[in-house]
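Participant: Sequence:
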Amino acid sequence: MGPNATAAKQAEQLRIDGNSYFKKDRFGAAIDAYTEAITLCPNVPVYWTNRALCHLKRNNWERVEEDCRRAIQLDSNSVKAHYLFGLVLLQKQEYAKGIRELEKALDLGRGANPKGYMVEEIWQELAKAKYQEWERSSTKRSWELQSLKQACESALKEKHFLDGSDMEGFVDDATTTHLKQLEALEGVFNKAAEADIPAEVPDYLCCKITLDIFHDPVITPSGLTYERAVILDHLQKVGRFDPVTREPLDPSQLVPNLAIKEAVQAFLDTHGWAYQMD
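In the working numbering, the protein residues as written are 1 to 278.
Bear in mind the hints are in silico, worked out from the structure with no lab data behind them. All values reported here derive from a predicted model rather than from experimental measurement. Hints may contain errors.
Said to hold, decoys possible - Just the calculated beta-carbon pair ranges, DEER-fashion:
#	residue 1	residue 2	range
1	Lys140	Ala7	46 to 56 Å
2	Arg100	Asn43	18 to 28 Å
3	Ala184	Asn77	53 to 63 Å
4	Ser222	Ile197	32 to 42 Å
5	Leu162	Glu200	40 to 50 Å
6	Ala7	Glu200	56 to 66 Å
7	Trp273	Gly187	16 to 26 Å
8	Thr39	Lys140	46 to 56 Å
9	Phe241	Tyr204	14 to 24 Å
10	Glu94	Thr6	40 to 50 Å
Unchecked claim - Simulated pairs of lysine-lysine, PhoX-like, Cα-Cα distance not exceeding 20 Å:
#	residue 1	residue 2
11	Lys92	Lys130
12	Lys57	Lys92
13	Lys23	Lys130
14	Lys128	Lys97
Just so it is clear, CB atoms sit at the ideal spot from N, CA and C, and this is done for glycine as well.
Start from the sequences, fold in the hints, and give me the full structure.
Facilitator: In structure tokens:
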């Protein structure tokens, strides 16, 4: 066994040691083990992401960022590195960049293991960040609409007052027109605020089994759409058949429903409140 193979074997053993320290919440000892593994084999991304996770547990965000950047340099498809880096950016209040990293992690994770715990965890964090982003922007929009509405009402009242002084004998007509204009104005502003008022998500955007908005919709040969992780779970634990039509169904027959996925995205883009998990 050459020196490189020996180093690789030692580093791998240190990773295993680090993992068992991590499970016991001994993060300092785990960091030491991963650091030794990195010293022996600095080009293995998982040593860096494992250490980053330990730093995260200790709220040492600067170190998390350093380790994630290194891991991404070594492997630009590392799900964990993009995920943890996304959390770092959100922590630094760089919301748009953080969301982009989480979205990248989610896409990569779905490609690798659509049923993995990481995919669900990343989705939860992404949904939380998107909901907070919506809350910030909807509050701003609400203030802007409110002040614009007040300005319009004041302008109409002023116009009504000025018209009234010129229109002796036509006051009733002017008042009727004024009230109609105020009513129309109210309607316009209510319509403008509609997208930001939480309501029901349309049924066709929700999984028939979970009743939640689709994250990763797949369509069966019967033409029915399900949440991928949920239908895979059904096929594995219950049986190889479509739960609604009872037709025979194999995991290989599931195809991403891109039309529904795009419709969900379009809905979420304009109704950010729907990211709020029940």
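Participant: Going back to the hint list, which numbers does this structure go against?
Facilitator: Checked against the structure, the only hint that fails is number 13, while the rest are satisfied.
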